[in-house]
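S.K.: Sequence:
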Amino acid sequence: MAPVKNGQVILNEVPKAGIIPGQTTVYREENLDIDATPLNGGFLVKTLTFSIDPVIFGRMKGPPPFGYTLGGPINNLGGGRVLRSEHPSFKVGDLVTGMMNFEEYVVVPAAQASMFETVDSSISLSARMGAAGLSGKTAYYGWKAYAPPSSKGNVCFVSSGAGAVGSIVIQLAKRDGYKVIASAGTDEKVSTMKDLGADVAFNYKTTATKDVLAKEGLINVYWDNVGGATLEAAIDAAAPRAHFIECGMLSGYLGESYHIKNLFMTIPKEVQLHGFIAVGWMEENWGREFRETMPKLIASGEIKYKEELIKGLDKAAEAVTAQLEGKNVGKPVLIVADE
Numbered sequence: 008m009a010p011v012k013n014g015q016v017i018l019n020e021v022p023k024a025g026i027i028p029g030q031t032t033v034y035r036e037e038n039l040d041i042d043a044t045p046l047n048g049g050f051l052v053k054t055l056t057f058s059i060d061p062v063i064f065g066r067m068k069g070p071p072p073f074g075y076t077l078g079g080p081i082n083n084l085g086g087g088r089v090l091r092s093e094h095p096s097f098k099v100g101d102l103v104t105g106m107m108n109f110e111e112y113v114v115v116p117a118a119q120a121s122m123f124e125t126v127d128s129s130i131s132l133s134a135r136m137g138a139a140g141l142s143g144k145t146a147y148y149g150w151k152a153y154a155p156p157s158s159k160g161n162v163c164f165v166s167s168g169a170g171a172v173g174s175i176v177i178q179l180a181k182r183d184g185y186k187v188i189a190s191a192g193t194d195e196k197v198s199t200m201k202d203l204g205a206d207v208a209f210n211y212k213t214t215a216t217k218d219v220l221a222k223e224g225l226i227n228v229y230w231d232n233v234g235g236a237t238l239e240a241a242i243d244a245a246a247p248r249a250h251f252i253e254c255g256m257l258s259g260y261l262g263e264s265y266h267i268k269n270l271f272m273t274i275p276k277e278v279q280l281h282g283f284i285a286v287g288w289m290e291e292n293w294g295r296e297f298r299e300t301m302p303k304l305i306a307s308g309e310i311k312y313k314e315e316l317i318k319g320l321d322k323a324a325e326a327v328t329a330q331l332e333g334k335n336v337g338k339p340v341l342i343v344a345d346e
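According to the numbering used here, the sequence shown is numbered sequentially starting from 8.
Certain hints may be false.
To be verified - Cross-link-like lysine-lysine pairs, in silico, BS3-like; alpha carbons within 27 angstroms at most:
hint: 1; residue 1: 311; residue 2: 159
hint: 2; residue 1: 159; residue 2: 217
hint: 3; residue 1: 159; residue 2: 12
hint: 4; residue 1: 303; residue 2: 322
hint: 5; residue 1: 53; residue 2: 212
hint: 6; residue 1: 318; residue 2: 334
hint: 7; residue 1: 303; residue 2: 276
hint: 8; residue 1: 212; residue 2: 303
hint: 9; residue 1: 318; residue 2: 212
hint: 10; residue 1: 217; residue 2: 23
hint: 11; residue 1: 53; residue 2: 12
hint: 12; residue 1: 186; residue 2: 222
hint: 13; residue 1: 303; residue 2: 201
hint: 14; residue 1: 12; residue 2: 151
Hints are computed from structural coordinates only; laboratory data are not their basis.
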């Protein structure tokens with residue numbers, strides 16, 4: 008077979024503030040002979056989807072091992088079809104998901120094969136990038152680890168509740184019997200949060216968060232996706248020994264960090280602050296349960312999700328920027344190819 012075009016998204020420079028497409032990252036194409044490229048015991052994947060997550064921006068700013076290599080491809084959770092394989096666990100035609108470089112064709116080394124898994128078609132591959140992927144795992148693992156069992160009157164507040172993670176958290180909290188308050192930045196997102204079961208949903212740009220929390224009662228769990236002034240308002244409204252699950256600080260990604268003026272109050276209130284990432288011990292504890300449970304809940308419609316599909320590998324930088332600016336409703340997924 009003649010060589011094929013292999014598009015790649017390369018980190019060209021470390022971003023100072025936001026991402027500038029064509030400057031922070033560049034899209035380039037190289038020729039690849041998919042029949043002849045060495046596999047060395049690994050396997051070759053034609054990529055179909057990539058998950059778009061705020062962590063991509065964070066990794067652009069940090070050196071390896073957490074960050075990306077300057078001049079090399081960015082990577083994140085992706086899904087695709089195996090075209091060639093020299094690995095016993097993966098055969099031609101398998102659908103797989105795992106951490107992949109943003110390329111149209113990816114060679115997975117044998118040493119990294121254990122980080123990939125084959126998946127079935129019971130739900131879409133795009134859903135496996137979001138509700139059944141990293142976003143879903145983040146919500147599921149964090150909730151399992153740090154949200155106490157609900158008793159009558161317990162309240163959970165979720166910021167960025169229409170986002171890929173927050174939308175799942177709303178539903179997990181409702182399944183566990185919590186009254187759920189959720190915030191987002193547009194009226195469309197408010198409607199989405201109500202559809203997901205939020206008891207109180209509001210637009211923080213038109214209604215003060217502190218006023219809503221003061222009216223709706225002390226909060227027992229705060230799922231924090233944004234930090235900043237919203238975290239400050241949640242501290243004021245925290246019940247004694249409330250659990251704050253610190254998942255993200257979206258408000259500070261593209262601007263200066265916000266100084267939390269009432270942080271001292273976490274001491275007399277005995278607020279339990281839990282920062283986490285959905286890898287390592289969390290995967291070991293709840294990974295199997297998640298893989299057995301979440302796809303079935305999604306397929307049955309018991310867990311709902313929204314997604315925004317962005318077509319074209321060359322649109323990766325724009326997709327990440329849109330998410331950082333809060334322009335998405337639901338989970339953004341990059342579609343590289345249909346098949």
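S.K.: Would the hint linking residue 159 and residue 12 be met if the CA-CA limit is 27 angstroms?
M.R.: violated (59 angstroms)
S.K.: Residue 303 and residue 201: Cα distance at most 27 angstroms?
M.R.: Since the Cα atoms of residue 303 and residue 201 sit roughly 23 angstroms apart, the hinted pair holds (cutoff 27 angstroms).
S.K.: Given the hint that residue 318 pairs with residue 212, test it: the Cα-Cα distance must not exceed 27 angstroms.
M.R.: violated (30 angstroms)
S.K.: Has the given pair, residue 53 with residue 12, been kept, meaning a C-alpha gap of at most 27 angstroms?
M.R.: At roughly 12 angstroms apart (the allowed maximum being 27 angstroms), residue 12 and residue 53 satisfy the hint.
S.K.: For the pair supplied as a hint, residue 311 and residue 159, confirm whether the alpha-carbon distance does not exceed 27 angstroms.
M.R.: The given pair, whose Cα atoms are some 25 angstroms apart, holds under the 27 angstroms limit.
S.K.: Just to be careful, I want the Cα atoms of residue 303 and residue 276 compared with a cutoff of 27 angstroms; is the pair within it?
M.R.: Given pair residue 303, residue 276 is violated - Cα atoms ~39 angstroms apart, limit 27 angstroms.
S.K.: Hint check: residue 217 vs residue 23, CA-CA at most 27 angstroms. Holds or violated?
M.R.: Since the Cα atoms of residue 217 and residue 23 sit roughly 32 angstroms apart, the hinted pair is violated (cutoff 27 angstroms).
S.K.: Hint check: residue 159 vs residue 217, CA-CA at most 27 angstroms. Holds or violated?
M.R.: Between residue 159 and residue 217 the Cα gap is close to 23 angstroms, so the pair holds against 27 angstroms.
S.K.: Please verify whether residue 186 and residue 222 have alpha carbons no more than 27 angstroms apart.
M.R.: With Cα atoms ~13 angstroms apart, residue 186 and residue 222 stay inside 27 angstroms; holds.
S.K.: Under the criterion that the straight-line Cα-Cα distance not exceed 27 angstroms, is the pair residue 303, residue 322 satisfied?
M.R.: Given pair residue 303, residue 322 is violated - Cα atoms ~31 angstroms apart, limit 27 angstroms.
S.K.: Are the Cα atoms of residue 212 and residue 303 separated by 27 angstroms or less?
M.R.: Given pair residue 212, residue 303 is violated - Cα atoms ~36 angstroms apart, limit 27 angstroms.
S.K.: Quickly compare the C-alpha distance for residue 318 and residue 334 to 27 angstroms and report which way the hint goes.
M.R.: holds (16 angstroms)
Of the numbered hints given earlier, the model fails hints 3, 4, 5, 7, 8, 9, 10, 14; all others are met.
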